[in-house]
Amino acid sequence: MPNQNGKVYGLTILSPIIDDEKATPSHDLQIRNYLAKLPTDERSPFALAPATHLARLVVMDDVIYVGMPACEEHLKSKYLIFESNCDGNLTSYLTGLATSIPQHLDAIWSHCVGYPGAANLQAFLDYMKSCQIETTFFFAAVNDKSVPETLRALQTQHAVADFIANHQGAEPALLQSDFNQLLADLKAMPVQKPGAMAPDRDIKTGGRNE
Amino acid sequence: MSKLNETDIQGFVLRGYNMPFARYLFLHFEDAGRAATFIHRLMREVTTGQRWDAGKPPSTVNVAFTHRGLSALELPDATLLSFPVEFQQGMKKRAAILGDTGRNSPDSWDELWRDDRVHAWLGVNASSPEALNARCADMLNVMRETNGAILLDAQDAASLVVNGVSTTKEHFGYTDGFGNPDYLGVERSSQPGQGKLTQNGAWAPLATGELLLGYADEAGELPVAPVPHILASNGTFMVYRKLHQNLATFRAYLDEHAALYAGGKEKLAAKFIGRWRDGTPIELSPDTQDQSITQDPARSTNFTFAADPAGTRCPMGAHVRRVNPRDAFGFDGKLINRRRITRRGLPYGTWTPEDQPVNDNEERGVIFIALNANISRQFEFVQQQWINYGNDARLGNEKDMLMGNHTGHGRFFVQGDTTPTNPPFVCSDLPNFVELRGGDYFFLPSITALGMIGMGLVDPR
Chain F
1 MPNQNGKVYG LTILSPIIDD EKATPSHDLQ IRNYLAKLPT DERSPFALAP
51 ATHLARLVVM DDVIYVGMPA CEEHLKSKYL IFESNCDGNL TSYLTGLATS
101 IPQHLDAIWS HCVGYPGAAN LQAFLDYMKS CQIETTFFFA AVNDKSVPET
151 LRALQTQHAV ADFIANHQGA EPALLQSDFN QLLADLKAMP VQKPGAMAPD
201 RDIKTGGRNE
Chain Y
1 MSKLNETDIQ GFVLRGYNMP FARYLFLHFE DAGRAATFIH RLMREVTTGQ
51 RWDAGKPPST VNVAFTHRGL SALELPDATL LSFPVEFQQG MKKRAAILGD
101 TGRNSPDSWD ELWRDDRVHA WLGVNASSPE ALNARCADML NVMRETNGAI
151 LLDAQDAASL VVNGVSTTKE HFGYTDGFGN PDYLGVERSS QPGQGKLTQN
201 GAWAPLATGE LLLGYADEAG ELPVAPVPHI LASNGTFMVY RKLHQNLATF
251 RAYLDEHAAL YAGGKEKLAA KFIGRWRDGT PIELSPDTQD QSITQDPARS
301 TNFTFAADPA GTRCPMGAHV RRVNPRDAFG FDGKLINRRR ITRRGLPYGT
351 WTPEDQPVND NEERGVIFIA LNANISRQFE FVQQQWINYG NDARLGNEKD
401 MLMGNHTGHG RFFVQGDTTP TNPPFVCSDL PNFVELRGGD YFFLPSITAL
451 GMIGMGLVDP R
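Going down the list, the sequences are from chains F and Y.
Okay, so the first sequence: first residue is 1 according to UniProt numbering, each after it adds one.
Okay, so the second sequence: first residue is 1 according to UniProt numbering, each after it adds one.
It is possible that part of the hints are untrue.
Said to hold, decoys possible - What follows is a set of in silico ranges between Cβ atoms, one per label pair, in the way DEER data are often shown:
(1) F:Gly6 / Y:Val161: 57 to 63 angstroms
(2) Y:Asp115 / F:Phe138: 48 to 54 angstroms
(3) Y:Leu260 / F:Phe138: 41 to 47 angstroms
(4) F:Asp61 / Y:Thr168: 52 to 58 angstroms
(5) F:Phe138 / Y:Asp296: 45 to 51 angstroms
(6) F:Leu54 / Y:His409: 21 to 27 angstroms
Since the hints were made in silico from the structure, they are not lab data.
Bear in mind the structure is a predicted one, so any value in this text is a computation, not a measurement.
Every residue, glycine too, gets a C-beta built ideally from N, C-alpha and C.
Kindly generate the complete structure, drawing on both the sequences and the hints.
Next up, the structure:
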């Protein structure tokens, strides 16, 4: 299935942005402004709503055709692009968004043509699905695990790695008792929140690395 | 392709001179006209890539410029602006991208590199200290006669002398300098393992455009280069980094962890880098040093990682596996062919045997010099993604054991198996074994381009 890669769903939605010359600032600028202020840590809307591995929102002004023979082509409108790698099927994912972060969805998509609002679930689902295009080819670097599975695995990996590093050369009896304790701790530990554990890495992205 | 025009390419680009002594002079230009006269006069001194059929000369001279230097030479704006952005910015402004932060940040660099005054690098290599001093005196004379350049500082570097013998070792005790790539058209005694892997497992030279401007690179494209074309062609870009080595920290760390590691101290040291300290690749000889391998050009660089996917012989994060992953990422090694760099340079400071006390503040390290056609795509990528990050090696945020900017938090996994002397092992709380003390990006022009610069004939139109 072209929108599916293993368990992961690759969603692409293109919503035309309202073209109203009386609007100040214009609707596309209002979306850009809102997106720029969204948090990217555990307060991110996609961390609050379930099932998102990675999501991206982009305002596309135009796509200009350059080539031979010379001609000028433009899009019919500006578009909001929403791409998401997510768990589950499309209906359950969109339903999760509508129930968890309706205020964000409305703040963003209310600048798009025909958006019915997240409060009317069926209308919201119909709208989003009508804006969907086939993703065709995509890559989801998530090892075919769900978001909670991935978070749990990372948590376990960190804990076990720390345990090994701290117990090299330890006496077998101590090793066993501490390991049993680690297992118990891990079992009791709540799964960490999405977006909460990204470590600081002092690397600047956006460098010109081709 | 046919042979390159060796008379037009600086010799430093085409070959490591294999001379044990070097002095790198850093120059400042005060007046564009006088500086051009100096460069014109310097041209008869510059060593080209021509073969030394009459025997090795006692010394060599090569020259390269920072963007600031080319600007001080008053090259046309249209030319200056056509250089790649990273070269225009210089290494200091790239600190965030390179991970040159914390103790490696420009604030802690040597004064020479904090001041933004370096306009040119004059590299003198020599076979003896006398030849080095004589040639440097000649250079100072040329500078004085033309009044064209001021000497800001000089950096001495030399092969480490261990037990009275000149070696290719660096201060941590590892034998260095195995891995330079082969390029199409460069006449050099080539050996398997030094170019790119082909589908049938044989090694072939890399495209010339990975090293030199004006030629197709591995993507079949010409590297980004300044205008006019003739200024760029047969030139390249040089990365200069003064890497200080915290020898006391390294020795203490190795001793402390070797006490816990069942494979023994030398094996642990070999796991850090992927070669035993005598240079034997652990991929080929996992249990012992083997001089018959290091001395054999058909074997010393002739290995791959595909048969060791779990890193039980050479750890996934070992230095040589990170910076030259060969086929470790699959696709017959194709993913790395545009990330290769050519290394020059030598250690600085004197060798201290293991049984003698050392401290970190003593002046010792390696002058790292890399040549590549595209600093951003080659050197910067290796530094950012393979030294200071681990994702490509499936190591998450882990950094290169020896070169990484760890700030005390790093971790290095030695993968192992069920053999008692090859157990899995973890090195935690990695300190910075190596610290950056400064450096910059340079343009190393062809002989033709030097002439154009020296005669004020650079015309971008």
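Structure-based check of each hint:
| no. | hint | in the structure |
| --- | --- | --- |
| 1 | F:Gly6 / Y:Val161: 57 to 63 angstroms | holds, 58 angstroms |
| 2 | Y:Asp115 / F:Phe138: 48 to 54 angstroms | holds, 49 angstroms |
| 3 | Y:Leu260 / F:Phe138: 41 to 47 angstroms | holds, 45 angstroms |
| 4 | F:Asp61 / Y:Thr168: 52 to 58 angstroms | holds, 56 angstroms |
| 5 | F:Phe138 / Y:Asp296: 45 to 51 angstroms | holds, 47 angstroms |
| 6 | F:Leu54 / Y:His409: 21 to 27 angstroms | holds, 26 angstroms |
No hint from the list above goes unmet by this structure.
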